[in-house]
Each structure stands twice: as structure tokens, then as C-alpha cells.
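K.L.:
Could you put together the complete structure from these sequences and hints?
Protein chains in written order, with this note's numbering: chain A, 1 to 418; chain B, 1 to 375.
Hints were generated in silico from the structure; no laboratory data involved. There's no promise every hint is true.
Think about it this way: if two alpha-carbon atoms lie no more than 30 Å apart in a straight line, the pair counts; the simulated DSBU-like pairs of lysine-lysine are [to be verified]: (1) 261/B with 46/A; (2) 416/A with 261/B; (3) 46/A with 202/A; (4) 401/A with 416/A.
Derived coverage of chain B by chain A (criterion: at least 3 residues anywhere in the stretch with Cβ under 8 Å from a Cβ of chain A; other residues may be distant) [to be verified]: (5) 141–150; (6) 291–303; (7) 307–321.
The C-beta atom is built at its ideal place from N, Cα and C for all residues, glycine as well.
Next come the chains, spelled out residue by residue.
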Amino acid sequence: MTDTMIDVEEFRRQARAWIEANLERREKVRMGRVVGEITTHEQIDKARALQRQLFDGGYAGISYPADYGGGGLTPAHDHAFREEAARYVTPDFGVVGVVTMGPIGRSIAEHASPEFARLHIPAILRGDEIWCQFYSEPEAGSDLAGIRTRATRDGDRWVISGSKIWSSGAYLADWAMCLARTDWDVPKHRGLTWFAIPTHAKGVTVRQIRQINGGAEFCEEFLDEVEVTAEDVIGEVNRGWSVTQTMLVYERGAGETASATEPRNLAPDLVALARRVGRAQDPAARQAIARAHINDYAQFHLGRRIAQRLQGSRNPDHAVAAYSKLAAGVLTPLRARLGMEIGGPAALAWPAGDEVEARPALDYLNGRRISIAAGTNEVQRNGIGERVLGLAREPSFDTNKAFNEVLRNARNWDGKVG
Amino acid sequence: MDSDATEDQRALLDVSVRFMAEASPLAMVREPERRDAAFATTYRNQAAELGWFSMLVPESLGGGSISGNGVLDAALIAFRRGGLLQPGPFIGTNVVADAIARAGSDRLVAEVLGALVAGEASAAWAVAGAQSAGRLDGGVQASIGPDGAVVLRGAKTAVPDVEAGAWLLVTAASPDGVVQAVVAADAPGVSVVPLESLDLSRRFAEVRFDEVTVPADAVLRPRGSIEALLDRQLAVAATLVAAECVGAMEAEFALTLQYSKDRIAFGRPIGSFQAIKHVLADTSLALELSKAVTVAAARTLGAEDDYGPSAASMAKALVGEAAVDLAQNCFQVFAGIGYTWEHDQHLYLRRLTTDAALFGDAAWHREHLCQLAGI
Chain A
1 MTDTMIDVEE FRRQARAWIE ANLERREKVR MGRVVGEITT HEQIDKARAL
51 QRQLFDGGYA GISYPADYGG GGLTPAHDHA FREEAARYVT PDFGVVGVVT
101 MGPIGRSIAE HASPEFARLH IPAILRGDEI WCQFYSEPEA GSDLAGIRTR
151 ATRDGDRWVI SGSKIWSSGA YLADWAMCLA RTDWDVPKHR GLTWFAIPTH
201 AKGVTVRQIR QINGGAEFCE EFLDEVEVTA EDVIGEVNRG WSVTQTMLVY
251 ERGAGETASA TEPRNLAPDL VALARRVGRA QDPAARQAIA RAHINDYAQF
301 HLGRRIAQRL QGSRNPDHAV AAYSKLAAGV LTPLRARLGM EIGGPAALAW
351 PAGDEVEARP ALDYLNGRRI SIAAGTNEVQ RNGIGERVLG LAREPSFDTN
401 KAFNEVLRNA RNWDGKVG
Chain B
1 MDSDATEDQR ALLDVSVRFM AEASPLAMVR EPERRDAAFA TTYRNQAAEL
51 GWFSMLVPES LGGGSISGNG VLDAALIAFR RGGLLQPGPF IGTNVVADAI
101 ARAGSDRLVA EVLGALVAGE ASAAWAVAGA QSAGRLDGGV QASIGPDGAV
151 VLRGAKTAVP DVEAGAWLLV TAASPDGVVQ AVVAADAPGV SVVPLESLDL
201 SRRFAEVRFD EVTVPADAVL RPRGSIEALL DRQLAVAATL VAAECVGAME
251 AEFALTLQYS KDRIAFGRPI GSFQAIKHVL ADTSLALELS KAVTVAAART
301 LGAEDDYGPS AASMAKALVG EAAVDLAQNC FQVFAGIGYT WEHDQHLYLR
351 RLTTDAALFG DAAWHREHLC QLAGI
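P.N.:
Okay, structure coming up:
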């Protein structure tokens with residue numbers, strides 16, 4: 001931090017004045033994002049206009065480098081702005097916005113060439129470019145380094161073929177950050193490269209996937225000889241795994257269920273539900289309400305401690321971000337289950353349009369997402385066990401083997417180790 | 001929780017840890033006969049010199065904290081106490097000192113509070129009544145005379161660490177509502193009956209009150225409501241027990257983690273198996289959540305924030321459950337060796353299980369949280 005940087009509290013005062021003068025107050029406090037809702041192109045257009053307003057006011061990408069159009073300030077400044085803006089209408093791009101401003105933008109800032117970053121990050125912060133990830137594949141999720149999409153060099157061009165899945169909001173995105181295998185004759189982590197692909201490029205097909213909650217935010221993509229150039233490589237060829245690790249840190253730290261401000265109202269949604277079904281004095285329901293709120297409170301403070309730990313260290317141990325992710329992955333489905341228990345029959349069937357009674361079922365379905373997205377709970381447990389607690393890794397069959405051989409060997413595996 | 005400490009707080013923690021390791025090493029937990037009255041006096045005097053009993057008392061009354069947030073200072077000490085399974089009425093003395101500082105008569109401040117801060121005497125909060133269904137005033141009835149003097153009858157159970165010459169803060173029921181009185185453990189009509197206990201590091205007693213007369217100026221008279229004072233006492237007690245508990249959790253987890261790296265089975269350290277690794281990861285998450293919520297409670301309560309009692313109940317509820325789970329999970333990793341008297345595992349198992357229930361178990365604090373929220 002330099003001496004000339006504006007103090008967080010002074011920044012907060014300025015931000016508050018700007019917010020009051022420029023943003024609209026929200027009518028009621030949002031109870032939390034309902035992931036299953038489908039973000040529409042109209043919403044995206046509105047969000048772009050609002051994002052532009054933030055950018056022009058100097059409040060977009062507060063903690064992004066100033067050289068790339070950001071504010072050049074710290075995450076603490078960013079946090080202060082979010083706290084001040086919590087009761088105002090801010091750009092809502094849905095999940096794809098979180099992906100664009102978080103993992104994608106940060107990975108580009110840290111790993112792309114300055115020319116690439118100067119071209120795209122200001123456009124992202126202005127709301128002109130929305131990005132998605134071409135990341136997981138039908139046959140590679142937890143073992144992300146095992147992806148099979150192929151990028152072949154052809155002179156100054158790269159030709160990419162394969163399929164991707166679970167790309168949040170790809171149907172709304174202008175660009176995708178795509179992970180592809182560029183060398184099949186080396187172990188899996190050493191042959192990966194990231195590419196920028198326009199989602200409307202020739203050979204790209206994006207399809208929305210209908211999810212268990214009826215929504216269709218996630219997409220699958222088919223890449224059929226999509227051509228890009230050497231300028232579209234993000235980071236270095238065959239060094240894509242280090243970019244991936246940066247991206248995962250931001251994904252896991254995103255903590256989409258944690259609120260920006262300390263939750264003090266006793267689980268308002270569950271209290272409303274208990275009252276609706278006449279159980280506000282029922283000891284079992286009261287225990288469930290308190291349990292949910294305590295977990296919300298603990299999760300918030302865990303997130304804050306971990307953020308402080310990462311920000312307060314010159315050499316931060318990013319593996320601790322897995323705690324936030326695992327907490328969300330465990331506590332979100334638990335909270336949803338408590339809602340179902342409190343609601344009883346009303347949580348199973350409700351009058352059309354009744355939001356209080358409909359919410360537990362929706363949360364119950366949506367709550368599954370966070371326990372598998374960006375690494376399942378089990379992957380987080382391995383991460384905590386091995387990289388935070390220092391436990392020895394599971395024996396691996398593929399880390400020292402050319403990826404070409406890995407698949408063939410695995411299919412013929414006879415159960416013997418070593 | 002040490003990472004939450006300022007430099008001044010760390011200095012206090014360092015010297016406190018040196019004192020604890022010397023005065024009451026872990027091995028002494030198995031030798032209760034060495035912890036006699038002489039030991040208790042020496043331990044308390046030395047602890048008082050470190051400022052252990054002054055943190056919740058304002059400077060105007062002879063106390064003082066190093067950070068300005070006395071609850072946080074005390075919680076950081078409590079955390080290290082828990083890790084080293086320290087004996088003695090640290091929590092009781094601080095809770096009672098805090099209550100007298102807030103609602104005690106001039107005589108109580110002059111005679112009792114000064115002695116507590118100086119380590120000349122300790123105090124215990126006699127709150128749990130047998131068969132009183134979690135009521136704080138259960139077990140003991142108070143009748144109030146015309147001169148304001150109070151007569152106590154009944155019994156409180158599982159009162160922790162009542163030392164010789166201790167002061168008792170008794171929470172009793174009366175027709176006019178809750179009455180809280182400060183009475184000496186050796187006053188006429190008071191009997192302290194030692195109990196056997198699961199926890200070997202603490203001592204418990206049943207305290208009986210047989211027509212014990214307490215003068216009017218030994219009754220606590222808060223400026224606000226008696227309920228608000230009780231909420232405060234409970235919050236301080238809950239936060240400090242939670243902090244001791246988290247300290248013990250961290251210490252036991254560290255032992256278990258090391259064991260999982262050292263113990264070999266099937267040609268590998270057992271911690272490399274996902275069956276063990278995932279249990280340890282979950283346990284470590286529960287520990288991190290416990291630290292987060294306990295520090296938050298201490299900060300909030302120590303800042304005189306109205307949300308303090310709610311935060312404290314949340315800490316106590318979350319930590320209590322996490323502690324019992326942690327003790328079970330650690331036991332599972334140790335397996336046979338953890339079932340032996342010589343291994344420290346059972347000392348933590350005993351203490352953690354006790355911490356979870358002291359001053360309200362998880363279910364009690366969840367209900368209390370609902371009541372504090374007006375639900």
C-alpha cells in the first residue's frame with residue numbers, strides 16, 4: 001500500500017455521497033439471490049448501463065489495477081463500497097457477472113499479457129464485455145487437469161475442438177475463457193493452455209441446460225474447429241495450470257452465499273415461514289431457526305477472517321480459501337433442509353405465487369449447487385487436508401505419465417498400485 | 001485466536017502461557033491431590049499479577065484492560081487456558097467481578113471487587129439448579145425482608161471451582177422476580193458439597209443454602225433491568241467458556257493431526273487416507289468456524305454492543321456442538337491409544353464435553369437467541 005492511497009474510511013465517505021447522488025434505493029432488502037432464476041438479455045442490458053455509470057463514476061473494479069481501468073485500491077476499499085451500496089440498486093448480471101468480475105477478470109489481470117489485459121479489462125469493467133468459462137467437460141470436473149478439449153497450432157493460428165459444460169451464463173456472454181490441451185505427450189498439468197474465444201465465433205455452439213430447479217443458467221458448448229490466433233492465448237502456452245489455480249482461488253473465495261454485511265436479523269426468511277405455518281412457538285422450529293442463523297453468522301465471520309488472512313499477508317496461503325467454499329457447500333444445503341423441516345407440508349405444496357411458502361423448496365434445490373460447483377465438497381476436503389493441514393496426498397496414477405497414456409492405462413487398470 | 005491479538009495482547013499471552021506451563025502443566029490434571037488449597041492460592045495470586053481478574057473491571061474501580069476491550073482480552077487468555085487445560089475459577093471470578101462492577105453496592109465494590117481483582121479471593125456464579133429446566137433462577141428461593149435483606153434457601157448444582165474463601169453470586173427466584181446476591185462460601189448456612197465430575201481439570205460442587213441471610217447491600221441492584229444484567233452475565237460466561245473450549249479444541253486437534261501423520265497403516269501415514277483426511281478437514285472447518293464466532297462474540301460483547309448477548313449465545317451454541325463432535329472425531333483417529341488413561345485425549349474429551357454444557361448447552365442458547373430476537 002502506498003502512502004498516497006486514499007484511506008478506507010475517507011473513501012467510504014466519498015463513495016456514500018456518490019452512491020446517494022447517483023444510485024436508486026432498493027425497495028426492500030434482498031433476502032439473497034435465487035440462483036435458479038434465469039437472467040434475461042434485458043436484465044443484462046440494464047446491468048450494462050448501470051455498470052457503465054459505476055465505471056464513469058470511478059467505482060467499477062475498485063481493487064483492479066489502475067493501469068487496467070480499475071481504481072488501484074485494496075479489497076478493503078472494495079468491501080467498503082459494497083457495504084455502502086448494499087441498499088441501492090447495483091448492476092445485477094447474475095452468476096455470469098460474478099464470474100466475469102471475479103475469477104475471469106482477476107486471472108486475466110494476473111496472467112495475461114499487458115496488451116491483452118489493457119484491451120479486455122477496461123471493457124469488462126465498463127460492462128461492455130461479459131465473459132464465461134469454458135472449463136469443466138462432460139468427462140472432467142473434479143479432475144479438471146484431465147480435460148480433453150484439443151487445441152492444435154497451425155502456424156499463427158490455433159484450432160480448438162471439444163466440448164465444455166457447466167458454463168454459468170454462457171448464453172449471455174460475449175467472450176469465453178477456454179481451457180484446452182496443447183500437449184498430449186506430457187503429464188496432465190503441463191500441457192494445458194488458456195484461450196480467449198468469442199462466444200459467437202464460427203464453430204461455437206452454446207446450449208442452455210435445464211437444471212433441477214427448472215432454470216437454465218448453466219450451458220454446454222460444442223467447439224468444432226474454432227479458430228483463434230496467438231494473441232488470444234492467456235498466459236503462456238502449456239503453463240495454463242498456474243492460471244487455473246488463480247482462477248480457482250477466486251472462485252472459491254467468491255462465497256456467493258455470504259452476505260456483505262454481518263447478518264443480525266434472526267433468519268428472516270425462516271421466521272416468516274414459521275409464522276406462516278403457525279410454528280413460531282414450536283420448540284423444534286425455533287431450534288431450526290436459531291441453528292440457521294448461527295450458521296449464517298459463523299459463515300460470515302469465517303469469510304471475513306479468511307479474507308483478512310489473505311489480504312494481510314505478503315505471501316498469502318490461498319489454500320485456506322477452501323474453508324469458505326466448504327463452509328458454504330456444507331451449510332447451504334443444511335440451511336435449506338432446515339427450511340423444509342420448518343415448512344412441513346407447506347414446503348412441499350403451496351398456493352401459486354406464494355413466495356414465503358415456495359422459497360424452501362427452491363432453496364432446497366438450489367442449495368445443491370454450491371456443494372458441487374468449483375470443486376465438490378470432497379475436493380475441498382482434499383485441498384484442506386493436503387494443502388492446509390499438510391497431510392500426504394492420495395497416491396496418484398497420472399501425475400508423472402504422459403496424458404496420452406493415462407486414459408489407455410486407466411481403462412485397463414487391474415487394481416494394482418505401483 | 002492468537003492471530004486476533006494485538007502486540008500488547010500477545011505480550012500478555014506470552015507471559016501468561018509461561019506462567020501456566022510452569023504452575024499447572026498438563027500432567028497435573030491427572031493428579032488432583034496436588035491441586036490443594038495452597039496451590040489454588042498461589043496460582044490465583046500469580047494470575048492476578050498478570051491482570052487476569054481486572055480486565056472486565058473499569059479503571060475507576062481498580063481494574064483495567066490492555067486493549068480497551070476487556071472481554072476480548074479475557075477471551076484470548078481463556079483460549080490459551082483451554083489449550084493447556086488450566087484449572088481454577090477464571091471464568092467465575094471474571095463474571096462475578098463484571099456483575100459487581102455493574103450492579104454492586106459500594107460495600108461490595110470496596111470489600112469484594114478489590115479482593116477479586118487482587119487475587120485475594122475468587123468467585124463462582126451459582127446458577128444451575130437441579131431439575132429447574134434451564135431456569136437461571138432455579139433451585140434457590142429468596143424471600144425479601146422489609147429492610148431489603150434476603151433469605152436464601154435451596155441448592156445450586158454443578159457450580160464450578162468453588163475455592164476456599166470464595167464469594168458466590170447466587171441467582172435466586174423470588175415472588176418479585178429474580179434476585180441476585182453475593183455471599184461468602186463459608187457464611188453460616190452455606191454448605192459446599194464436592195461432587196465427582198467427568199472433567200478432571202475442573203472441580204464441581206453442590207452448594208446448599210439453608211436459611212442464609214444476606215444483607216441488603218449484598219444484593220445486586222442494576223441501573224437497568226435485572227434481565228439485562230443476567231443476559232450480560234450469561235453472555236460473559238458463555239463467551240469465556242466458548243473461548244476456553246476453542247483453545248482445548250485447537251490443542252486436541254493439533255495432537256490428532258500430528259498422530260495422523262505419524263501413525264503408519266497399510267504402508268502409509270493414516271492421514272493420507274481420505275477416510276481420515278476428510279474427517280480432519282471437516283473438523284478443522286468446525287474449529288475455524290468456532291474461532292470466528294467466538295472472536296466475533298468477544299469483540300461485540302466487549303464493545304458494549306446491544307447485539308453482544310446474541311453473539312455470545314451463538315458462539316456458545318456453535319462451539320459447544322462443534323467441541324463434542326471434535327472430541328469424537330479425534331478419538332476415532334486415535335482409536336485404541338486414545339482409550340488409555342495415559343493418553344491426553346480423554347482429558348480433552350472430558351473437558352470439551354463439560355464446556356459444551358456449562359452455562360447453557362447448545363439447545364438452551366438457541367432458544368435464548370430466539371427470545372433475545374423477540375421471536
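K.L.:
Output the numbers, in ascending order, of every earlier hint that fails for this structure.
P.N.:
Going through the list in order, the structure violates hints 1, 5 and respects the others.
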